[in-house]
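Participant: Residues per chain, in single letters:
There are 2 protein chains.
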Amino acid sequence: MSIQTLKEEVARQFGTPAVVIDLDVMERNIARLQALCEAAGVANRPHIKTHKSPVIASMQRDAGARGITCQKLGEAEIMAEAGLDDILISYNILGEEKLDRLGRLLQQAKVTVAADNPTVVAGLPRAAAMAGRDLNVVVECDTGRKRAGVETVAEAVALAKDIASRPGLTFAGFMLYPPENAMTETQAFLDAATAGVRDLGLEPQMVSSGGTPNLANLGRIRGVTEHRSGTSIFNDRMMLAAGVAQLEDCALTVYSTVVSRAGAERGILDAGSKTLTSDTGGLEGHGLILEHPQAKIARFAEEHGFLDLSACNDRPQVGDVVRIIPNHVCVVVNMVDRLVTVRDGAIVGELPVAARGRLT
Amino acid sequence: MSIQTLKEEVARQFGTPAVVIDLDVMERNIARLQALCEAAGVANRPHIKTHKSPVIASMQRDAGARGITCQKLGEAEIMAEAGLDDILISYNILGEEKLDRLGRLLQQAKVTVAADNPTVVAGLPRAAAMAGRDLNVVVECDTGRKRAGVETVAEAVALAKDIASRPGLTFAGFMLYPPENAMTETQAFLDAATAGVRDLGLEPQMVSSGGTPNLANLGRIRGVTEHRSGTSIFNDRMMLAAGVAQLEDCALTVYSTVVSRAGAERGILDAGSKTLTSDTGGLEGHGLILEHPQAKIARFAEEHGFLDLSACNDRPQVGDVVRIIPNHVCVVVNMVDRLVTVRDGAIVGELPVAARGRLT
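For the record, the sequence lines run as chains C and G.
If you count the first sequence from 1, position 209 lands on 209 in full-length UniProt numbering, and the numbers rise without skipping.
If you count the second sequence from 1, position 288 lands on 288 in full-length UniProt numbering, and the numbers rise without skipping.
Excised from the complex, chain C in its bound form (with noise of 0.2 Å):
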């Protein structure tokens, strides 16, 4: 089918704007991530926030993926009871309702949970005592990225021994996402960190680092264990603009019909913030259009997307159907319940986001 039948098959199945899949790009990716950790001598822990669909978890594990990474409580619950059995919570997980949940999902799977506080720490207990079985937990540290995590080997230290100290906890080693630029940093963290809770007679087991630029930097900090990355699922815009991604390695892409052309210079699609987000990623504009790259997705009401088509010398016709690469493809996929999904150019079904709207 080529690819103009293609986009008019979509649109007439489904409506525009629909959240397209190619599922030949996807397995090349899952099956490319996997090569990498391997080449690097570490697990891959695929992060599931990207795709939030048990069927592709189950995909990424059946290609060697040691686990998954959620960062919420309800895309573990939904991923356990698919049948993955060994998932690292990323997150700092905090109050009743969810220590009762943790605990119940500690029931069904092997579960590791992050911690950079005392206070988090101080609460997990609950969980462990609930499920009748222990609860893994790595302490985050920040290495330079200014986001979650403690900012001190001495803090890490501190906490890796409150936690072995509690009933119910078991320090299982360290959470690391490195700035791409501070190997030399975060290995001196890790290193000092190792050494202090070695000095207190505990081992960490599972040393994991982050982020898909960072498969550029596998293998360079001596002791980490595994990696999570989630963007390379599908890959988007910033991925290609950070060059650790090409057009070819860009799974999704959302087809979306221009509505109206307003002004001479003007367009305007049926995709607006509320399917592809005001997620900027850094970068200048929201989208790249496959069919026309020099028009720009200047901004966006909450189901228009705005054309700037100054630039562009072959411009889009109402009712013309493009397709895009979005900025930052996790949080587009979070906006839709199913995916189409297509294959050798042909559509092949649909796939529910199942964790889709799990906030908690």
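Rather than coming from a laboratory, the hints here were simulated on the basis of the structure.
Hints are not guaranteed to be accurate.
[Unchecked claim] Examples of chain G residues lying across from chain C (beta carbon under 10 Å, computed):
#, residue
1, L73
2, Y91
3, L94
4, E97
5, N117
6, E140
7, V259
8, D270
9, V321
10, N334
11, R338
12, T341
13, R343
14, I347
[Unchecked claim] Quick look at which bits of chain G chain C covers, simulated, 3 or more residues with Cβ under 8 Å:
#, segment
15, 239 to 252
16, 275 to 285
Positions of the beta carbon are idealized from the N, C-alpha and C atoms, including for glycine.
Given the coordinates of chain C, assemble chain G onto it according to the supplied hints.
Facilitator: Same frame as chain C, but now just chain G:
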């Protein structure tokens, strides 16, 4: 119940982040919008894109609204199924899949659609033919906002003539979304377009204006018969900034837990861009924290809201639950499947966001 107890109870029952509606405030907002429209002698046609709930739409109708406005066909389908029966879809509808659905919708409810170009008008008779019933079409006019809509009176009149010439279509009038500071220009456009269509023997039965900030201009454009307001049902930080709502008019808050303090001047909320969205609405920061108004929600990861606490004397602690008025409420409601409802400081229940995710 004290607000502290309510926050704890919401967190205990639903977990955080939770999107919470104060029903008393919402009901006041419904009554106020209706009263404003009646005082101006303009019919009320609230835009349901903000709440996406047939329950709330029915409350608006029961308070006196003439009908409702939807931005997407999928929203209109949900509303019609629930018995809402006078629906304006303020959007260009294109393509066989949507036109067939529009035809089926027209069999169920009185429907008016907007069009701003001849390609859209040419498609619409398909829907009317399927329904066996006339379809009302309004010409969307752009009087300066540079959004959707014809930009000239000549185009507006030509499109009205085109509509009137098509089988099954009725030219119903004009749809405006005037810039708040362009009342004079909008009046001139509307007067000229009205004269133009009258010369053709056509009469604009319906002239719809829109926007919550334009409630301050209600009644100022002669000829307007009804008004579309969405955001006023809940209000948000943009409406506070625009001076059209006060804190006590904000019916929606996001309850979020502080999950980390990271550095001394930093903090992390469990609400990130997958909850509060990256829509800034042109404002600095991503929301107003009622308990810590000096705290700035400086940036997001998907599930982290990063707080800059440097200007904040009273700093939140890990585990605190805070209430956030988001910058743009319409996109926040769209992230969740259910709203938590409260009244008099006590939990009432949950309200489904039935039309969420209806992108097409």
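Participant: Find the hints from earlier in the document that the structure breaks and name them by number, from lowest to highest.
Facilitator: 12, 13, 14, 15
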